[in-house]
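Chains V and C supply the protein sequences, listed in that same order. Going by the working numbering, 1 is the number at position 1 of the first sequence; the sequence numbering is gapless. Going by the working numbering, 1287 is the number at position 287 of the second sequence; the sequence numbering is gapless.
Treat the hints as calculated values from the structure; they're not laboratory data. Mixed in with the good hints, there may be bad ones.
Stated by the list, open to error - Below, in silico cross-link-like pairs of lysine to aspartate or glutamate (DMTMM-like), each with a Cα-Cα straight-line distance of 25 Å or less: (1) V:Lys-138 with C:Glu-1405; (2) V:Lys-139 with C:Glu-1492; (3) C:Lys-1548 with V:Glu-207; (4) C:Lys-1392 with C:Asp-1364; (5) V:Lys-201 with C:Glu-1497; (6) V:Lys-201 with C:Asp-1364; (7) V:Lys-157 with V:Glu-53; (8) V:Lys-157 with C:Glu-1413; (9) V:Lys-174 with C:Glu-1497; (10) C:Lys-1142 with C:Glu-1169; (11) V:Lys-216 with C:Asp-1493; (12) V:Lys-138 with C:Asp-1494; (13) C:Lys-1483 with C:Glu-1543; (14) V:Lys-212 with C:Glu-1383; (15) V:Lys-139 with C:Asp-1447; (16) V:Lys-206 with C:Glu-1383; (17) V:Lys-138 with C:Glu-1186; (18) C:Lys-1421 with C:Glu-1444; (19) C:Lys-1142 with C:Glu-1110; (20) C:Lys-1474 with V:Asp-199; (21) V:Lys-11 with C:Asp-1521; (22) C:Lys-1482 with V:Asp-199; (23) C:Lys-1347 with C:Glu-1405; (24) V:Lys-139 with C:Glu-1497; (25) V:Lys-212 with C:Glu-1559; (26) V:Lys-138 with C:Asp-1406; (27) C:Lys-1474 with V:Asp-197; (28) V:Lys-138 with C:Glu-1559; (29) V:Lys-139 with C:Glu-1413; (30) C:Lys-1548 with V:Glu-210; (31) C:Lys-1307 with C:Glu-1244.
Keep in mind the model is a prediction, meaning the values are calculated, not measured.
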Amino acid sequence: MPSTTSVAPPKNAQEWHNPSFRPEEINALILGVDRYNPSNVGFLEEYLQTQIENGQHDLFANLAILKLHQFNLNMTNQHVVIDILLLALTSAPTIDSQDFNLALALALDRPPASIIQANRDDDDDEEDEVALVVPYLKKCWSLLRECRFREFWQCWKQEEGEGADDFASADEAKAFVEGVNGWQVSGENVAIEGNGDNDVKSSVIKEHVELKQLSKIIGAAAV
Amino acid sequence: MAQQYYADATADPESLLPETMESAAPAGVATGDYEQYIDDHTAGDANNNEDYIKEMEEERQQALAAVPEDVKKFIGAFHQAILGNDSAQISAMYEGGWNRLTQQYYAESEWPEAELLAPLVGGDQVFLTLYRELYFRHVYAKLEPNVDDRFQSYENICELFNLLLNSEEPVALDLPIQWLWDMLDEFVYQFQSFTAWRADIASKSSEEQQLLADNPQIWSCYSVLNVLYSLVQRSAINEQLAAEHAGSSAEEVAQIAGPYGSKPLYRNLGYFSLICLLRVHLLIGDPTLALQTLSNVHLSSEALFTKITACHVSTYYHVGFAYMSLGRFPDAVKAFVGALIYFNRMKSFHTRSYQYGSISRQCDRMYALLAICTTLAPGPVDEGTMSAMREKYGEQLLTMQRGGEDALPVYRELYLSAAPKFLSPIAPPYETPDQLSAYASESEALDPHTRHADLFLSGVHASLSAPTMRSFLKLYTTIDAKKLASFMDEDEDDVLEKMMVLKSANRTFGSREGAGGSLLDGERMVVGNLDFTINGDAVSVAETTTNKRYAGYFIRNAEHAQRVLETIRAAPLPITRPAGQSVTTQGDAKSGAAGQRTAAGGARGGAPVTGARAGQTAKAGGAAGRTSGNPWAR
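In isolation and in its complexed conformation, chain C is listed as follows:
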């Protein structure tokens, strides 16, 4: 029924908000499958807060009256959409309506408290928990969360996960994957933010110190990992993915998944938990474990994580960074370049998203890391990505490529700005205040971010002499070691040691294309195009030359030409025709700078956003559509 009510709401959900909530609530939906949990929760709340509720009731009603009508309507409709598991409607309200109302009414303040809105949704605790999740996310993103926000957001998200994990049967709730990803991503972000905040002892008031001392479990690393692992286990996601890769049928996978894992809600939460575990393990300094958690997630373009831009970019950023920590630079480069190419292609569709800023910052970090990796392990890399990187970090790249001690500060600066914000699971000893000041004075030296940077740079330091050695050897095919030493103005033994450094800097492990299996698998490989052998005193240089690659260029351009041809064919002829006939697919061709490629891509029917816009333009009518849709006009 809900489905029916919102049948044409997908086009523009906000304009179709129901006038009165009573009539909008389809009978029967309110007694949804998860009603039992609602009962549990209202009962619990009432016991705890009875006095408080009575006291505040009047004040609340006044406050509720002050909430804008738009917002009340939105909340009511949102509640109905969720009760009806109407995913199209939920998506539209989650991605559109919420942000629009935020901009309009809550750009600089909190959304109304969940308790205030309870009467609008019949006290539905599941909905209110979901609402609070959005509420706190807004506080973290746009405002400054205070200690209460931090504690309550933790309690709220735990309540939500508790509800999902500890129910007697799967909760009949279906949320869009974008929301599920955002929810878990935010969960890790808030954990990260809390840990950093907790580590800063100087800024804590005595009340805050007391709160932290009394509640060590809040946002503790253990509890965060516990939530993520529980979601993984509840959904049997690892078993499901393994079965899928082994080629099991859908029925067999559902069998393995069990009653929970076969529900999209649980399956998706489990899947995204794996990605979040990758991130958490990396943050606490364990890149091997990070990659290990993804052993059943194949990094392919069909994988679920690629369906969400933020998740796609985040996954590759963290995988790439983990490889970098293992000294596997070619694998890191592959991960970064893949994500960057993808992002540059998708950019034009996402500028509206509120996450656009953070995704594009993450991409900037990847360019910086790419500069480091391609310097340490030179090799062929996608030209477009490399030139974009040079635009951003050209100067730093040159300094690093020259090598020597001068390069070290540049490496450090790039690493510190581009690495994830490492953290330590160890909390300051708030429970023993007399140790606090000693801790504060010493802990600076132990800052996890600097500690990891130091470790990484110790590796870089070892190979600082490689670029010089490489450029010397490039000049010869064979040379006597003594002669080389005299050219370099160094002792022969020192030169031999530096040659060993180069030898080792040129070697690493790299995963083989399409090999599948664990991300930790890899084969010994040589990077860079220069190698050498030493026989007695004679050094022979072996250079690997790579023929220039033409195929990619020709394929890209042939495909492009094909698309242009298609566009032209599909476009109306530049002659006058009776109005209305010619407007078919090219309504959005005018969308400017992105150019033909985007227009053609949209027209071939990929992205819904473009599709919708095309439809609107078409409706907007004849003449404009005709001239602007005409490729000849440009």
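Isolated chain V (complex conformation):
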């Protein structure tokens, strides 16, 4: 995890549907009808790898891959599907994000397992990994959404095994926390600077009347 991680929620949806890092060619591709052209899948998959390497997430481009899979049953690159789901799960900026569910909705639109099995080449003995992994990812995501973070980490570590352990020392944990923008360690506590969500104040909303609303009445009075 890069140390420049920002934990403040995005202020608007711009970066979500039209991220600034999206290359122009990809943008043109997914906004036009060329997104249905199966020969573009490789192009989009390369972009997916770039996202993973750079710690970025472009949901809309990845949904275009899943759409191609949905329409072309012979195009079943399971690892790509799993990558997309994992990326959506781990990149959610806030837990109310729908990215994982949106990807899942398309990824699960596939024929029953037996058909997938029957259509697979004989020399290809890999299992239906999507079917194996999805329940686990769903469980992780629902623990996250329900803010059951302790259980989430248990669940996560169980699968990941060694290497996904706790921080080796208190210092390492401290270093991680201080690396996050706007987080400070003070004694036992972590102080998080105001981010709009943790510094709310009571307020009163007053009614506001626009002149436009009164146009009919004023118009009638003027006659």
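Knowing the structure of chain V, use the given hints to seat chain C on it.
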């Protein structure tokens, strides 16, 4: 010339059907601009069907003789109206005559086959294709379409779109926007109906299975999208709309539109295709793409889609639902409420329309979705709409608002009944019959409708604890976290987790009023009026109070009073006057239950329906008009 012939036909088109078709056909119209396509088509048909035609000719003539005279006249006149591009006449026959004759002669059977009627219209293939479109629509709406109907309706509509899209120059045909919308709406509906029918393997005979195996392209998702995207591209509608929003002049827009897009027929078809794409993308589970297709359609009260009630309601229903799938409940609520207010206002004008039933069912679904959305994201919503919703779904609303596990089945039930019928573009493997039974046994678990419901409910499940937490916090301004935990009889860490759930349930993205731009744009916002902060162990509750809103109430009532005053002023005084003078505008004031507001609205000259009726009543004459038009009499 056609224009002239039907000059006064607009008042009551049916009564003015021409006596003999020969005399009605204005010379020269028959050689319309699209004649070249007619030739192409007759040539093609003749080659394919020559034997068939000869065999059937005699039988056909007999059958044609059996067609009621009224219907024959209607077809002839309809053909002339379309040849003459007489839009007023086409509208009147499309909306009036067709439905009247359907009720009279074809309430329980098909209209005559198009081939049968060919002699009446000189074999005009364009007209016959349009006729078949109406023919199949009638079959789908009133009868049970069989496999042949389903296949043929697809082939027919493709032929029509092919004709429009692949011509060397724009087809000189002008159809009312209501028809164009209905045509595309029906196209998507038939696709939806076919996909659902195809998915039900058990009900297929072996013949049907064979047909489906041989024709995978029929009503395939690809071909449906292909038609819609082609119409969008041919009409350059996105470019046109973008230019209009950028403030380009009409000439500049026409330049961008090109020879096709500048024709109303193509422009309107392109526009409605965008709305249909919204729907198709949503049906196959892609709400982001659905909203993306509308990026050039601004949801304003001036937009073209608001000109047609069915289209207006459908657009907001699908936009609202897409927002709901993105967890943007305030935006969903805005879309639903806008459509519902509009529909309730328009209701009195539309009860006659054959679509009234389906529009009002769609509105019922919106009330159900509104109940879900306002529970998940409480906030100020139009009071009238909310009380109408409570009338329909009050009980369910209470259960959902209480939260907890009991609420889940209610959410599910409402969602399943109110969501669009999701579908999968993946067809059962009819081409490999030995896989069919395995598919059938497993596919139930993969039913797209349940799958989407499950996904949505997983989100709902996460926030089930929010209502309880909210009602606890409401009691305090500050409280110690430990104390709160003991009140709730739970572990402190669990309580903190539930507070995080509430925090997240209160946050979403929402589009800003009048910001324009993509429907996907939105700003981070807080919903609900209760928020809190945690500092160490201390929880401080921050409540946002909204002052009661009075302005809307006063504005509504002041406007209402103004209308009443206008009505009174325009009405005759309740004293005797010489007959005939006083009947001016208020002929329809008697139209009862809808009350003053409707009467006044009609009189101020909006809706043509009311206007026409007022005229008739006026003609009907003196005394009745005078007393009934008199507001004092009530």
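Hint check results:
| no. | hint | verdict |
| --- | --- | --- |
| 1 | V:Lys-138 with C:Glu-1405 | holds (19 Å) |
| 2 | V:Lys-139 with C:Glu-1492 | holds (23 Å) |
| 3 | C:Lys-1548 with V:Glu-207 | holds (8 Å) |
| 4 | C:Lys-1392 with C:Asp-1364 | holds (8 Å) |
| 5 | V:Lys-201 with C:Glu-1497 | holds (21 Å) |
| 6 | V:Lys-201 with C:Asp-1364 | violated (38 Å) |
| 7 | V:Lys-157 with V:Glu-53 | holds (22 Å) |
| 8 | V:Lys-157 with C:Glu-1413 | violated (37 Å) |
| 9 | V:Lys-174 with C:Glu-1497 | holds (22 Å) |
| 10 | C:Lys-1142 with C:Glu-1169 | violated (37 Å) |
| 11 | V:Lys-216 with C:Asp-1493 | violated (56 Å) |
| 12 | V:Lys-138 with C:Asp-1494 | holds (21 Å) |
| 13 | C:Lys-1483 with C:Glu-1543 | holds (20 Å) |
| 14 | V:Lys-212 with C:Glu-1383 | holds (21 Å) |
| 15 | V:Lys-139 with C:Asp-1447 | holds (21 Å) |
| 16 | V:Lys-206 with C:Glu-1383 | holds (18 Å) |
| 17 | V:Lys-138 with C:Glu-1186 | violated (37 Å) |
| 18 | C:Lys-1421 with C:Glu-1444 | holds (15 Å) |
| 19 | C:Lys-1142 with C:Glu-1110 | holds (9 Å) |
| 20 | C:Lys-1474 with V:Asp-199 | holds (18 Å) |
| 21 | V:Lys-11 with C:Asp-1521 | holds (11 Å) |
| 22 | C:Lys-1482 with V:Asp-199 | holds (21 Å) |
| 23 | C:Lys-1347 with C:Glu-1405 | violated (38 Å) |
| 24 | V:Lys-139 with C:Glu-1497 | holds (17 Å) |
| 25 | V:Lys-212 with C:Glu-1559 | holds (14 Å) |
| 26 | V:Lys-138 with C:Asp-1406 | holds (22 Å) |
| 27 | C:Lys-1474 with V:Asp-197 | holds (18 Å) |
| 28 | V:Lys-138 with C:Glu-1559 | violated (54 Å) |
| 29 | V:Lys-139 with C:Glu-1413 | holds (23 Å) |
| 30 | C:Lys-1548 with V:Glu-210 | holds (16 Å) |
| 31 | C:Lys-1307 with C:Glu-1244 | holds (18 Å) |
Comparing the model with each earlier hint shows violations of hints 6, 8, 10, 11, 17, 23, 28; every other hint is respected.
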